[in-house]
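Chains as they are written, first to last, in the working numbering: chain A, 1 to 314; chain B, 1001 to 1494; chain C, 2001 to 2310.
Hints are computed from structural coordinates only; laboratory data are not their basis. Predicted model only: the values in this text are computed from it and were never measured. A couple of the hints might just be wrong.
[As the list claims (entries may be wrong)] Straight-line Cα separation of at most 27 Å, DSSO-like style, residue types lysine-lysine; simulated pairs:
no.: 1; chain 1: B; residue 1: K1411; chain 2: B; residue 2: K1096
no.: 2; chain 1: B; residue 1: K1096; chain 2: B; residue 2: K1447
no.: 3; chain 1: A; residue 1: K224; chain 2: C; residue 2: K2065
no.: 4; chain 1: B; residue 1: K1411; chain 2: B; residue 2: K1394
no.: 5; chain 1: B; residue 1: K1447; chain 2: C; residue 2: K2065
no.: 6; chain 1: B; residue 1: K1447; chain 2: B; residue 2: K1411
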Amino acid sequence: MATTVTPPPPPGAAVRRRPAEPGDRDRPRRSERDPAGRVLNVFSHGFLITWGVLVTFPLVWAVVQAFRVDSEIVANPWGLPTSLRWENFSRAWNVSSIGDYFISTVIVVSGGVFLTMLLGSMAAYVLARYEFPGNRVIYYGFVAGLTVPIFLALIPLFFVVRNLNALNTYHGLIMVYVAFSLPFTVFFLHSFFRTLPISVAEQAAVDGAGHTRTFFQVMLPMAKPGLLSVGIFNVLGQWNQFLLPQTLMQQQSSFEPDRSVLAQGLVALAVQQGYRNDISGLFAGMTIAMLPILVVYVVFQRQVQAGLTGATLK
Amino acid sequence: MSMRRMRNGPARPLGPAVTRRSVLGQAAAAGLIIPGATLLGACATSDSDDDDGNQGDRSADNPFGFAPDSQVDAVFFAGGFGTEYPEALAEEFATKWPDAQVGVTTTETIATEMQPRFAGGNPPDFLNNSGDDELALDGLVTDGAVHPLTELLDAPSLDDPNTTVRDSLLAGFDEVGSFNGTLYALNYVNSTYGIWYNAGLFQEQGWNPPATWSEFLELATQMKAAGIAPFINGNATGLWYMQNVLMEWVNLEGGHEATIAIDNLEPDAWHQPAVVTAVQRLQELVDSELVYPGMEGLTHIQAQQAWLDGEAGFLWCGTWLEGEMSDPATLEEHEASGIPGDFQMTLMAPWAPSDNPALPSGSVRNQAGEPFVIPTNGANRAGGLELLRVMLSKGFANRFTELTNSFTIVKDTGMGVDSSALASAAEVAGSAPDSLLWRWETWYNAKMYVDTMQPQMGELMAGRISAEQFLDAMQAAADEVRDDPEIEKLTREA
Amino acid sequence: MQRGKYPFIIGFLALPVAVYLVFMISPFAQTAVYSFTDWGARTTDFNYIGFDNYTRLLEDEVFRKAFGNSMFFFITLPVLTIGLALFFAFMLNVGGRANRAGIRGVFGSSVYKVIFFFPFILSIAIVAIVWGTILRTDSHGIANAILMGIGLVDEDRPLLFLSHPATVKWILVAVAVWGFAGFFMVLFSAGMSAIPKDIFEAAVLDGAKRGQQFFRVTLPLLRDNISVAWVYVGILALDMFALVVALTPQQGGPNNASQVMATQIYQTAFGSYRPGQFGYACAMGVTLALFTLVLAIIQLRVLRRDRIEY
């Protein structure tokens, strides 16, 4: 009597078996002998390269045009620069004030991201790890903010900021950035904090650390990867934000300084393009604006990817 | 992208506001437009009688009591006239009032940036309310937000204390910008509108500017043979220009009775023979492929540049054209001159849509444009008034013409400017036997122009609707306006 | 637990909640309140008019057109974006040569990922500037120039792209997909690589081909990611504000062919040539917000399955 019954091989398996051939031992079993895989590989590269070109070509083209003169660009959009027109860039930087906008943006985004991360992590931590009445309400309150478009709040927001005498100020815009970045930050960090082990916190309690110290000295450091990912997303989001600064960062008189941020400046350049002929300056300004984002992105690539992976695992 | 458009036309009815639709930047910039209302109860219906805006004593030399060491906050529209003249104005002001400070801001999007300031009670002292994103003047007047300019007009002019400002200006300057007889917006530029072409090219080719439709058709054939599109217009942003082409033809073809009938909302006014002819001509332009391929998606600037590059023969514009395409700032910094050196920009009166029009050939539209207002609640209203008075001086008017290649409404100015564009415009205006005119476009701007004419014109010029459909749509809009009790109706006799 | 729990909680929540309430919740709430008024362009005060604004919405033809267009984007954008993203993620992770170690991703996948992700982080102004210039409607536009060079387009009839009512929506979808797909490619790719290899190996041992692997193994395990992505793209599709405003003539043209709910709200509120519109615009806004919220909840419910443990 048979003591074990071998189940019949599933239908597909039979196809894969082939008689042994001389040289099998030397040759890898699958790679060269997987015609389906090879075709797919070629296909894959084909599609991927095509998409890669589609993505990079428009941007590369625009950057190249930034080095040409308007008349050249219109006459022959394909052409390469005959000489490198750096004056387009200096014009964008000075006359179009891209330089000033740059500085403004750095100030606003540094303050904004720092405060967002601080307040966001504080709120997310409490909501994730402490039970108390109203916890769910507050949490969903933050999350609901993700679904509503910003411009719905614009006019009343203007009055709110105005009443605080905070129009055209750095601190005013920063506070608004923080408010609008909190939903995403709290949402993301909340799930992150939930996954941190309780044991560490308990150990800290045993060691006599209060809640605050536990947070700053134990939990936050453990949350570094998540913080970094969210931080980067916030930097990207706040750097490119234009609706809010366009509303709130406007000179209230000709004697106030112009504190516009980069995105505002770019849109203004694009508007100007409708009134003047300076497309090379437009592309130059656009290139300048793109550079920091590009740098941040390339440098922090891995963290961004890791953050996405983490997000998918929740 | 936005369209550079100048204000023209008469006083607006105090009914529906009449701003043009927003444009790329203004819209993308996400308006701040606080619609005049203020929950905080700031400005609204302020009493301009109570508050003189006086800061000092008045005198013959200082008719508004301007405090000589104060600040004046001035906002200008950065459009076809460029941003050099505002700085020049500040300089001119400084020669008379050296202790004062004039702060100059220029922007392409006036309403986006000014409405919140009006709503918040801190408007500028001096405002060039122009461009596609301008504030609706009739609304400002209703709200009492702009100061009547009567005291400005009564004041002595800067150049000659024995002449009032009013008398130093060309007749008819106040046809535009007045409400019930009071002037609220000073339209500074004296513009002539019409068809532009390159006289140099025409000489070379032996072409003559056409006066009738068949002459135009003949010329168009020759142009196409030479590889030049006969007509171009930037229809993405410049549909207003096509409206002008159409109405000029209607006026020429049907005489003043035709346009008066339309303005007065008479029944079936849009089916008058002259109107039908004019619209059919537009359709013919498209069907016979006499237009530049792909112009449906071009901005007015792109179309004008293509014309300058010799790819099209005719376009419609006003006298700001030369200034708009040759921005001095960009010229110095980079060699991309909008205007090729041998291009002779020349204005001509529009040709008629038939061979026997009602009005004589050479008739053109000539009107004041580019409005300036003085907000009632500006912190330094007297300063704003004084700045405007300086602007109306002969000295500055000449400087303005130098910088922008456009004429002003100030008498005896603007001579000796070396520009074929300006010279031809002066000649055309000077020798015009009759004046073209219509009012419906500003009287009933919202319903008839923005809602109906603009989109329908786009469809017509793209060949997607027929002339009949276009006319039916316009007639339906006119009927709607006529039957709407909430819209104030205006009429004219001549 | 430690002592002083409540002071700590309050201390940590006070500032974030306060900022959030003052600068975000309160303005939204005010918008909801104004939707019941007739606050408009020329009045200094306003009256409460109950649900008048909402009933007016039901009869507004242009708003209905905008609604239809928004629905168009709501359906096409997620399908195309996520479909494309899955397709490319599959190739990135699985399209490589198989070897002893199992099926692996295509060579250079990390480089591809870096490149594909990039458009997502660009400012919308940049996207609009670049594509607006490329899609210029005469022969000077580079897209037209390329097509004319190949001979696909007649020189006298350049393609109108964004200036033709029949094509404008599709071009907008294309630009949106161009901008967003990369982000989701990377997201899904990350999700796929998180799936333990032994599951794939088991599938391969069971004789599953690549296609079967994808549909029977990968896709179900990615369900959570896909559903969240779907909701997110759906929200983007209901917005589309920046792209319509930046790329189309007359911001919603030609002739309202690309008008969406978001732009309709904006123009009703801020296109101030008609008095009495701001309250109405707020009503539109509230409607859109509610709609977005309801759709998001429905999607999450429908796509929810038990979490697969592995």
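Q: Report the numbers of all earlier hints that the structure fails to satisfy, in ascending order.
A: 2, 3 and 6
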